[in-house]
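Protein chains: 2
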Amino acid sequence: MARAPAAPVADVSVDLIRAAGVKVTRGRVRVLDALHAARQPLSHAEMEMRLDEGSEPAMDRVTLYRILDSLVACGLALKAVDTRGVFRFSAAGAQRQHANHVHFRCTDCGGVFCLKAEPPPPPRLPRGFRLNELAFDLRGTCAGCSSREAV
Amino acid sequence: MARAPAAPVADVSVDLIRAAGVKVTRGRVRVLDALHAARQPLSHAEMEMRLDEGSEPAMDRVTLYRILDSLVACGLALKAVDTRGVFRFSAAGAQRQHANHVHFRCTDCGGVFCLKAEPPPPPRLPRGFRLNELAFDLRGTCAGCSSREAV
DNA sequence: GCTACAAATGCAACAAGGTTGCGTTTACTG
DNA sequence: CAGTAAACGCAACCTTGTTGCATTTGTAGC
Numbered sequence: 001m002a003r004a005p006a007a008p009v010a011d012v013s014v015d016l017i018r019a020a021g022v023k024v025t026r027g028r029v030r031v032l033d034a035l036h037a038a039r040q041p042l043s044h045a046e047m048e049m050r051l052d053e054g055s056e057p058a059m060d061r062v063t064l065y066r067i068l069d070s071l072v073a074c075g076l077a078l079k080a081v082d083t084r085g086v087f088r089f090s091a092a093g094a095q096r097q098h099a100n101h102v103h104f105r106c107t108d109c110g111g112v113f114c115l116k117a118e119p120p121p122p123p124r125l126p127r128g129f130r131l132n133e134l135a136f137d138l139r140g141t142c143a144g145c146s147s148r149e150a151v
Numbered sequence: 152m153a154r155a156p157a158a159p160v161a162d163v164s165v166d167l168i169r170a171a172g173v174k175v176t177r178g179r180v181r182v183l184d185a186l187h188a189a190r191q192p193l194s195h196a197e198m199e200m201r202l203d204e205g206s207e208p209a210m211d212r213v214t215l216y217r218i219l220d221s222l223v224a225c226g227l228a229l230k231a232v233d234t235r236g237v238f239r240f241s242a243a244g245a246q247r248q249h250a251n252h253v254h255f256r257c258t259d260c261g262g263v264f265c266l267k268a269e270p271p272p273p274p275r276l277p278r279g280f281r282l283n284e285l286a287f288d289l290r291g292t293c294a295g296c297s298s299r300e301a302v
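Chains A and B supply the protein sequences, listed in that same order.
Heads up: the first sequence begins at 1 in the working numbering, then just goes up one per residue.
Heads up: the second sequence begins at 152 in the working numbering, then just goes up one per residue.
One thing to keep in mind: the hints can contain errors.
What the hints assert, rightly or not - Distance condition first, Cα-Cα at most 25 Å in a straight line; then the derived SDA-like pairs of lysine to any residue:
id, chain 1, residue 1, chain 2, residue 2
1, B, 174, A, 137
2, A, 79, B, 195
3, A, 79, B, 267
4, A, 79, B, 196
5, A, 79, B, 231
6, B, 267, A, 133
7, B, 174, A, 139
8, A, 79, B, 238
9, B, 267, A, 128
10, A, 23, B, 165
11, B, 230, A, 135
12, B, 267, A, 129
13, A, 79, B, 237
14, B, 174, A, 130
15, B, 267, A, 84
16, B, 267, A, 44
17, A, 79, B, 232
18, B, 230, A, 141
19, B, 267, A, 125
20, B, 230, A, 21
21, B, 230, A, 128
22, A, 79, B, 256
23, B, 267, A, 87
24, B, 267, A, 131
25, B, 230, A, 137
26, A, 23, B, 298
27, A, 79, A, 90
28, B, 267, A, 135
29, B, 267, A, 90
30, A, 79, B, 294
31, B, 174, A, 128
32, A, 79, B, 295
33, A, 79, B, 286
34, B, 174, A, 87
35, B, 230, A, 83
Stated by the list, open to error - Pair ranges (Cβ atoms, derived):
id, chain 1, residue 1, chain 2, residue 2, range
36, B, 236, A, 52, 52 to 58 Å
37, A, 18, B, 178, 53 to 59 Å
38, B, 216, A, 137, 23 to 29 Å
39, B, 173, A, 36, 46 to 52 Å
40, A, 54, B, 232, 27 to 33 Å
Just so you know, the hints here were simulated from the structure itself, not pulled from any lab data.
Even glycine gets a Cβ: it sits at the ideal position worked out from N, Cα and C.
Could you put the whole structure together from the sequences, leaning on the hints where they help?
Encoded structure:
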């Protein structure tokens, strides 16, 4: 062993935040750490619960909203809406790889499958419209649910 | 001619609601009519405004929520979440014609715009996967919100 | 290390969207 | 036409998210 340094210096989140050109605050580090530790996008409420579990004092509700938005603004996190209409946040690195391909979403199990195909080029937009993002989603039944249905 | 009966009996919405096996109330008919007349999915707020324009007395906020949910429950309407996290409703029949073209979703106002373009052909699916629906969504800022931003 | 300033935080209040409970009215059944 | 379950209106409440302002804190420059 003898590998762990005296202080936890090698904090990935700190470096990322600094590199993004914004202030490195305890709140931002905690939140970004939590986003990186999560395997699914987290809602504000879920994030609040996770932060409460730690030893540090609870963070203000509004501050958490602002931290999440600031992480999105500087490209370290992504914001999306879930089926209930609630915003969910995820670490940006986790999804960069999802930006440029097609997804299959199973309407039975909710699973998301990445297809190898590239998304098609966007059609021409009416005057004044600005494109930010492109989602080509196929919905249907995945192989597992299909065979289970057949029973 | 001589086809039109004395009373406005040929109300499509009334027949649909009756056929769905739920009570035919004035509220439900008004809402379903509005959904059929709309070319885009409507939010609760937009629906409220449209109903206010008519001559009939305004409908209670909660009642509108319940009517919309009841129409969804009996299959006459569809409920989806827009990019701002607000629920939008559309007539169930209308959705079939939306199945086969491209949508632009404004991340500012949540509006949904139908583009003239046809969706691209689906890529090949892995064995066992069954395709039901195909959604090619573009996200960005619509013309209205773009110009408003520029001010 | 100290200072100054902008950025970040905490708090209170607010706003929009949506839900629940309950008493009253209304559409359908017999 | 009476009885009943469903639908309605109202009030209150909840969750999610935002705004304004005073205070604290991170960081650049000395």
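Review point. So does residue 54/A sit 27 to 33 Å from residue 232/B, Cβ to Cβ?
Key: 31 Å, holds
Exercise for review: Starting from residue 267/B, check that the Cα of residue 128/A is at most 25 Å away, please.
Suggested key: 16 Å, holds
Check your understanding: Are the Cα atoms of residue 267/B and residue 129/A separated by 25 Å or less?
Key -> Given that 25 Å is the threshold and the Cα spacing comes to 14 Å, the pair holds.
Review point. Is residue 230/B within 25 Å of residue 135/A, Cα to Cα?
Key: The given pair, whose Cα atoms are some 20 Å apart, holds under the 25 Å limit.
Exercise for review: Quickly compare the C-alpha distance for residue 79/A and residue 231/B to 25 Å and report which way the hint goes.
Suggested key: 18 Å, holds
Review point. Hey, residue 79/A versus residue 256/B, does the alpha-carbon distance stay inside 25 Å?
Key: 15 Å, holds
Review point. For the pair supplied as a hint, residue 23/A and residue 165/B, is the alpha-carbon distance within the 25 Å limit?
Key: Status violated; Cα separation ~60 Å.
Practice item. Compare the distance between the alpha carbons of residue 174/B and residue 137/A with 25 Å, and conclude whether the hinted pair is satisfied. Key: 37 Å, violated
Check your understanding: Given the hinted pair residue 267/B and residue 125/A, is their alpha-carbon gap at most 25 Å?
Key -> 9 Å, holds
Point to revise | Given hint residue 141/A paired with residue 230/B - CA-CA distance at most 25 Å | key: Holds, at roughly 20 Å.
Check your understanding: Taken at face value, is the distance from the CA of residue 83/A to the CA of residue 230/B at most 25 Å?
Key -> This hinted pair holds, its Cα atoms lying about 10 Å apart.
**Study point:** Hinted pair residue 267/B and residue 87/A, Cα distance within 25 Å
**Key:** 30 Å, violated
In this structure, the earlier hints numbered 1, 3, 7, 10, 14, 15, 16, 20, 21, 23, 26, 29, 31, 34 and 36 are contradicted, and the remaining ones agree with it.
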